[in-house]
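A.B. asks: The residues making up each chain are set out below.
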Amino acid sequence: MSTADLRTGRPPRLSWLVRLRRDRSLLLMTVPAVALLVVFNYVPLFGLLTAFQEYDPLVGVWHSDWVGLDQFRQLLGDRLFWESMVNTLYLSFVQLVLFFPVPIALALLLNSVLSERLRNFIQSVVYLPHFFSWVLAITVFQQMLGGAGVLNQFLRAHDIGTWDIMTNPHTFALLVTSQAIWKEAGWSIIVFLAALAAINTDLYEAAAADGAGRWRRLWHITLPGLRGVIVLMLVLRLGNALSVGFEQFLVQRDAVGHDAADVLDTFSFYYGIATGNYSYGAAAGLFKSIISLLLIWGANKLAHAFGEDGLYRR
Amino acid sequence: MTNALTIERAATATAEPDAAARRRRRTARPPWEEPPTPVGQAAKGLTLTGMLAVILVPLWIIVVTSLSSPGAVNRAGGLVIWPDGVTIEAYREMLTDSTVRTALLVSLGITLVGTAVSMVVSVLCAYGLSRSRSFGHRFVLVLLIVTMFVNGGLIPTFLVVTGLGGYDQWWALILPGSVSVFNILVLRSFYSSTSADLIDAARIDGAGEWRTLWSIVLPTSRAVTAVIALFYAVGYWNSFFNVMLYMPTDSEKWPLQYVLYMYVNRGNGMPGSVNSGFGSTHAQTAPLSLQMAVVVLTLVPLLIVYPFVQKHFRTGVLTGAIKG
Chain A
1 MSTADLRTGR
11 PPRLSWLVRL
21 RRDRSLLLMT
31 VPAVALLVVF
41 NYVPLFGLLT
51 AFQEYDPLVG
61 VWHSDWVGLD
71 QFRQLLGDRL
81 FWESMVNTLY
91 LSFVQLVLFF
101 PVPIALALLL
111 NSVLSERLRN
121 FIQSVVYLPH
131 FFSWVLAITV
141 FQQMLGGAGV
151 LNQFLRAHDI
161 GTWDIMTNPH
171 TFALLVTSQA
181 IWKEAGWSII
191 VFLAALAAIN
201 TDLYEAAAAD
211 GAGRWRRLWH
221 ITLPGLRGVI
231 VLMLVLRLGN
241 ALSVGFEQFL
251 VQRDAVGHDA
261 ADVLDTFSFY
271 YGIATGNYSY
281 GAAAGLFKSI
291 ISLLLIWGAN
301 KLAHAFGEDG
311 LYRR
Chain B
1 MTNALTIERA
11 ATATAEPDAA
21 ARRRRRTARP
31 PWEEPPTPVG
41 QAAKGLTLTG
51 MLAVILVPLW
61 IIVVTSLSSP
71 GAVNRAGGLV
81 IWPDGVTIEA
91 YREMLTDSTV
101 RTALLVSLGI
111 TLVGTAVSMV
121 VSVLCAYGLS
131 RSRSFGHRFV
141 LVLLIVTMFV
151 NGGLIPTFLV
161 VTGLGGYDQW
171 WALILPGSVS
181 VFNILVLRSF
191 YSSTSADLID
201 AARIDGAGEW
211 RTLWSIVLPT
221 SRAVTAVIAL
231 FYAVGYWNSF
241 FNVMLYMPTD
251 SEKWPLQYVL
261 YMYVNRGNGM
271 PGSVNSGFGS
281 THAQTAPLSL
291 QMAVVVLTLV
301 PLLIVYPFVQ
311 KHFRTGVLTG
321 AIKG
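These protein sequences, in sequence, are chains A and B.
With the UniProt record's numbering applied, the first sequence corresponds to residues 1 to 314, in that order.
With the UniProt record's numbering applied, the second sequence corresponds to residues 1 to 324, in that order.
So that you can see chain A by itself, here it is in the shape it has in the complex (with noise of 0.2 Å):
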């Protein structure tokens, strides 16, 4: 140890082979995971090169023929795909605006709720159905409210007639939504509950003191406390927006039919996939890639502009 460094205080600069020599364990511990992410995601990036090639399985990615544009030219004629496209953006907005407020309105009844043993029970209730397949998640709704579901089982007693609603393509999007809320909503309300928590309750009192009523302390200092976090949130759900979900609409699919089930995520599987039609699904899968990242570039200047973080500091 040199002198100088005695007087700073730092440890020494040590050069990078003796560093690498100290730390070879720690590296070497990283290298499953690396190894692991290298092949199953680095290595297909390289396969987006197909979007560009008319793919041939037997021949692999280096001998298949390029087409330079043509899948996309093809994929902007064909009228499945903007209606894939047109679901997406659809159920998009549907569940930004009956989805969203859920969890903060939730996370607030929640967060007023006193006893402690109480609240506890509910969270671990509400978080539950997050941990449920979509699968299950969907068969709970089927045996709910489904043709031979609770509800029509009701309704039949009593002669009402039947309410056809899980295979109804024009309330899909209800319906989707609200099988999203029993799933989600409960575990989403875990970073609003957060952000109320770390609100100073000194304002609280201050507010009350200067004889705010409890709305305009609502207003006034939860709602502002919470901005922060509901903006971050809606950027990711803005960026998010051509990504409704995948195993809900692949299960529902044949229930209500393809023309309102289909969403740019089943869209690759069902085109790409499932006829062996690989690189226009690859292009398919990088047209929305690249629409995505525009959107959330998009969503997180708009937060900037709002004066908020977003997803980082400007």
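Simulated from the structure, these hints should not be mistaken for laboratory data.
Honestly, I wouldn't trust all of these hints.
As the list claims (entries may be wrong) - Distance ranges between label pairs, derived from CB positions:
| id | chain 1 | residue 1 | chain 2 | residue 2 | range |
| --- | --- | --- | --- | --- | --- |
| 1 | B | 193 | A | 216 | 34 to 44 Å |
| 2 | A | 59 | B | 116 | 34 to 44 Å |
| 3 | A | 74 | B | 215 | 55 to 65 Å |
| 4 | A | 124 | B | 40 | 16 to 26 Å |
| 5 | B | 38 | A | 151 | 24 to 34 Å |
| 6 | A | 97 | B | 165 | 22 to 32 Å |
Said to hold, decoys possible - Think about it this way: if two alpha-carbon atoms lie no more than 20 Å apart in a straight line, the pair counts; the simulated DMTMM-like pairs of lysine to aspartate or glutamate are:
| id | chain 1 | residue 1 | chain 2 | residue 2 |
| --- | --- | --- | --- | --- |
| 7 | B | 44 | B | 34 |
| 8 | B | 311 | A | 116 |
| 9 | B | 253 | B | 200 |
| 10 | B | 311 | A | 184 |
| 11 | B | 44 | B | 33 |
| 12 | B | 44 | A | 259 |
These figures come from a predicted structure and were not determined experimentally.
The beta carbon of each residue, even a glycine, is placed where N, CA and C say it ideally should be.
With chain A held as given, fit chain B onto it using these hints.
C.D. replies: Chain B only, in chain A's frame:
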């Protein structure tokens, strides 16, 4: 720096010093807060009860139906709401069917092996990246985080997995999704917060990195390890789409979720029906109690583990919440 980090900082900052004060505020209303109006109180109670009912009632009905005899199901005209002659006949019948039995074993196998693989890989990687001055950790971290935002998507990944011979192979259900960068980041942030003195003390006692991880860091972060293991396990237990992609044909290899999908959602043949199995074209829809027994079967393992891990969610989730 992400905003999520701000949330985390805020959350942990208040969670620790204020925890006691908060608990006090919780049980007793502060003097300045006005008592609730009866109407507000009733509305709140109703909403919360409704919320719980929406989740619990369907589960109740499904469990009760699975425990009912065919006669009780007939009397109820479908799903059974009040228990009426409880019998475990449906479960016995279901478990004699080889498809369901294999599926149960397959699901358990995938979940156990997958979770083990994921946990070993993630814990090692998280610890390897957790020492703030170690060589190369920044580079590896960037390598990891990039995959959270950029990926090849469905088809390129499918082509790589099948190109490696993954079609109809167990590993295709496990390895491609075995590493969750998000989970690694959560673990890492906990490992970084392990007291440096503790680690130095271990070092002085002659422990290497492996020893330190095993004897110091892992035991001090049991809660978060349990939460992350649950996340992984649930992911594997619920695996459905991967099966559809990589082994859609061989019903001997289907996990429970896929059987549930085929039996209940697609109305395919069920165990216990006259023509069981998928080879037959005349597969009959099974008795409702049997279908519901399959549903319950997919739920049971989760419900067994859940209560033990559930109380740690807050710590586990918040520290990593949307960290980019």
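A.B. asks: All hints, please: hold or fail.
C.D. replies: Outcome of the hint check:
no.: 1; hint: B/193 to A/216: 34 to 44 Å; verdict: holds, 39 Å
no.: 2; hint: A/59 to B/116: 34 to 44 Å; verdict: holds, 38 Å
no.: 3; hint: A/74 to B/215: 55 to 65 Å; verdict: holds, 60 Å
no.: 4; hint: A/124 to B/40: 16 to 26 Å; verdict: holds, 25 Å
no.: 5; hint: B/38 to A/151: 24 to 34 Å; verdict: holds, 32 Å
no.: 6; hint: A/97 to B/165: 22 to 32 Å; verdict: violated, 46 Å
no.: 7; hint: B/44 to B/34; verdict: holds, 16 Å
no.: 8; hint: B/311 to A/116; verdict: holds, 13 Å
no.: 9; hint: B/253 to B/200; verdict: violated, 49 Å
no.: 10; hint: B/311 to A/184; verdict: holds, 18 Å
no.: 11; hint: B/44 to B/33; verdict: holds, 17 Å
no.: 12; hint: B/44 to A/259; verdict: violated, 40 Å
Violated hints for the displayed structure, listed by number in ascending order: 6, 9 and 12.
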